[in-house]
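Construct the entire structure; sequences and hints are all you get.
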Amino acid sequence: MAGISEKRSGAYTFLAYVTLIVISIFCILPFIWMALASIDSNAQLFLKWPDSVTFDHYTKVFAEENGVRWFANSLFTVLSATFIVMVVAGLGGYALSRSKAWWKQPFLYAILLIRVLPSTALLVPLYKILLTANNGIGTLLRPLVGEHYRSVMQLFGFIDGYLGLIIVLATGQLPLALWIMKVFFDGVPKDYEEAAILDGATLVQRIRRVLIPLALPGLAAAGLFAFMSAWGDFLLPLILLSSPELQTLPIGLFRAFLRVNEIDYGLLAALATIYLIPAVIAFSFARRFLVQTFSGGVKG
Amino acid sequence: MAFDAFQKRKERQLLWLLLPALVPLLILTIYPAVYAVYLSMTNEALTGVAAAKPRFVGVANYLRLFSDGRFWNSLFVTFVFVVGSAIIGQFVLGFISAIALRRKIVGAPVFGAAILLPNAAPEVVAGFMWISMLAGGDHATLSKILVFFGLPYVDWLQTFPLFMVVMVNTWRGIGTAMILLTAGLAAVPAEVYEAARMDGANPRQMFMRITLPLMAPTIFLYMLISTVSTISVFGLVYALTRGGPGNKTEVISVYIYNQSFTAFQIGYGAAGAVVALVVSLALGIAYVRSLKVEV
Numbered sequence: 001m002a003g004i005s006e007k008r009s010g011a012y013t014f015l016a017y018v019t020l021i022v023i024s025i026f027c028i029l030p031f032i033w034m035a036l037a038s039i040d041s042n043a044q045l046f047l048k049w050p051d052s053v054t055f056d057h058y059t060k061v062f063a064e065e066n067g068v069r070w071f072a073n074s075l076f077t078v079l080s081a082t083f084i085v086m087v088v089a090g091l092g093g094y095a096l097s098r099s100k101a102w103w104k105q106p107f108l109y110a111i112l113l114i115r116v117l118p119s120t121a122l123l124v125p126l127y128k129i130l131l132t133a134n135n136g137i138g139t140l141l142r143p144l145v146g147e148h149y150r151s152v153m154q155l156f157g158f159i160d161g162y163l164g165l166i167i168v169l170a171t172g173q174l175p176l177a178l179w180i181m182k183v184f185f186d187g188v189p190k191d192y193e194e195a196a197i198l199d200g201a202t203l204v205q206r207i208r209r210v211l212i213p214l215a216l217p218g219l220a221a222a223g224l225f226a227f228m229s230a231w232g233d234f235l236l237p238l239i240l241l242s243s244p245e246l247q248t249l250p251i252g253l254f255r256a257f258l259r260v261n262e263i264d265y266g267l268l269a270a271l272a273t274i275y276l277i278p279a280v281i282a283f284s285f286a287r288r289f290l291v292q293t294f295s296g297g298v299k300g
Numbered sequence: 001m002a003f004d005a006f007q008k009r010k011e012r013q014l015l016w017l018l019l020p021a022l023v024p025l026l027i028l029t030i031y032p033a034v035y036a037v038y039l040s041m042t043n044e045a046l047t048g049v050a051a052a053k054p055r056f057v058g059v060a061n062y063l064r065l066f067s068d069g070r071f072w073n074s075l076f077v078t079f080v081f082v083v084g085s086a087i088i089g090q091f092v093l094g095f096i097s098a099i100a101l102r103r104k105i106v107g108a109p110v111f112g113a114a115i116l117l118p119n120a121a122p123e124v125v126a127g128f129m130w131i132s133m134l135a136g137g138d139h140a141t142l143s144k145i146l147v148f149f150g151l152p153y154v155d156w157l158q159t160f161p162l163f164m165v166v167m168v169n170t171w172r173g174i175g176t177a178m179i180l181l182t183a184g185l186a187a188v189p190a191e192v193y194e195a196a197r198m199d200g201a202n203p204r205q206m207f208m209r210i211t212l213p214l215m216a217p218t219i220f221l222y223m224l225i226s227t228v229s230t231i232s233v234f235g236l237v238y239a240l241t242r243g244g245p246g247n248k249t250e251v252i253s254v255y256i257y258n259q260s261f262t263a264f265q266i267g268y269g270a271a272g273a274v275v276a277l278v279v280s281l282a283l284g285i286a287y288v289r290s291l292k293v294e295v
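Protein chains in written order, with UniProt numbering: chain A, 1 to 300; chain B, 1 to 295.
There is no bait here: all hints are sound.
In silico PhoX-like links for lysine-lysine, alpha-carbon gap of 20 angstroms or less:
1. B:Lys8 - A:Lys100
2. A:Lys128 - B:Lys53
3. A:Lys190 - A:Lys100
4. A:Lys104 - B:Lys10
5. A:Lys104 - A:Lys190
6. A:Lys190 - B:Lys10
7. A:Lys48 - B:Lys144
8. A:Lys100 - B:Lys10
9. B:Lys8 - A:Lys104
10. B:Lys8 - A:Lys190
Beta-carbon label-pair distances, calculated as ranges:
11. B:Asp68 - A:Ser52: 48 to 58 angstroms
12. A:Gly200 - B:Tyr31: 35 to 45 angstroms
13. A:Asp191 - B:Phe76: 56 to 66 angstroms
14. B:Arg197 - A:Ser41: 51 to 61 angstroms
What the hints contain is simulated information worked out from the structure, not anything from laboratory work. Nothing here was measured: the structure is a model prediction, and the numbers come from that model. Cβ atoms here follow ideal geometry from the backbone N, Cα and C, with glycine treated the same way.
Below, the structure written as structure tokens:
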């Protein structure tokens, strides 16, 4: 009896290995092509061993293309958005956890539902709202800055400007971050704050001295998810940015790929690899928080 | 009395803390959703006469939408895309991986990392990598592999475009499904299996009679979430096919995008957007209700 079931178990284990190997190859094959093509002196659209290994594609991304600019733009907008999300969601998540007011439950339901709204469906009205805001800030700034108008608007404009992209990116990440922080603060005992209140600490002191140190792990999780999602976002920079100086990595990659007549696969693969690496690093840290976000946030 | 006043002050302070989150959410997500409904009843356009003086046209956009074959096509494509990749592809492969990884597997973390890697890839990178796998006719990697096994060359994105888009989105989501279902599997108490084994149940019986029924709530929740998030996929499809060839892979989000930003018909595009919003909201409400949110 035992012999048969052991044999069976062995067969199942073998089956498990075969399945895992096949699925894993399916999952990593595209990455292998990209990594190899990025160092292949004669890179092609299909998987092959490099003719000779070169790092020219990487230097070319930075030297000949606007790789540095794209990377800096992506990093600046995404990190700014992530920072805003951490601050705003930290405060808001605390309020959501501690409040007993009537608005608490509707608000929590609302942020869950906001997460399911498809961003393409909100894009047109969003664009019109931003356009109005952009014209408003434009009329305000034009007399003040004079000839620097264009470059100032690239910083503070809502359309084709950093500020608009940062704010919209941050808002998109807020619902999940608020949820993560609310759940996190639910697990933080109130004793610490009550002790601080008894010691006569003000709200600001309580936040700075007690809550921020306690909230760091939660903020790290919220920040990681905000970073990953904003870093991968393609639609918003596609719609909101048009100046070449403002292009971010996803758009640079997409546009470079559309130049059909002179596609340089090695260069594209190097560019895509550069864009991929921060995402993979963030994901490897965020992985252990993945299950918790499932209970409240929508994946994506 | 004093305590009440203290509570009131505390609640007011908390509301102030929530305000920086509330304001952008109201202006940049709730208001656009409402505004979309209004826009869908106008003939608003990005350029031309209608851009300067949009008119209220009532339900005209919706009537046009429901008689537009391309719109119905996009609903059909979205349906196939969601069922094929989220409900079947990601779920089946993710579940199989989760079950396989419950055995004592040498190198389990390596398999886990490999299966999760596509999750980390930004949409544009995923699209770009899969163009290498599928495009280029004779030279596509997939063709080269299949030719090795004696199968004929196929131009994948031209011949089976929708199936390929489904496959790529499946590829991207196996990892999440695996992680979430692993958590669900771990929550099934070991004693239940032990008792079943005592009663002489075989692995297939245990899977059908214990694992599946006990996992049903987790699976249901997972399917709702992945359905909703798959409806809103845009970048992956756009980078891979831009909805083509023809409109064979034009999912609803690409349809809305093309109508609004390529054809510049904002009012008409908004009508499509409202349909997508209503469907997503309905699924979202089902999700929130089944989640039994504790607040």
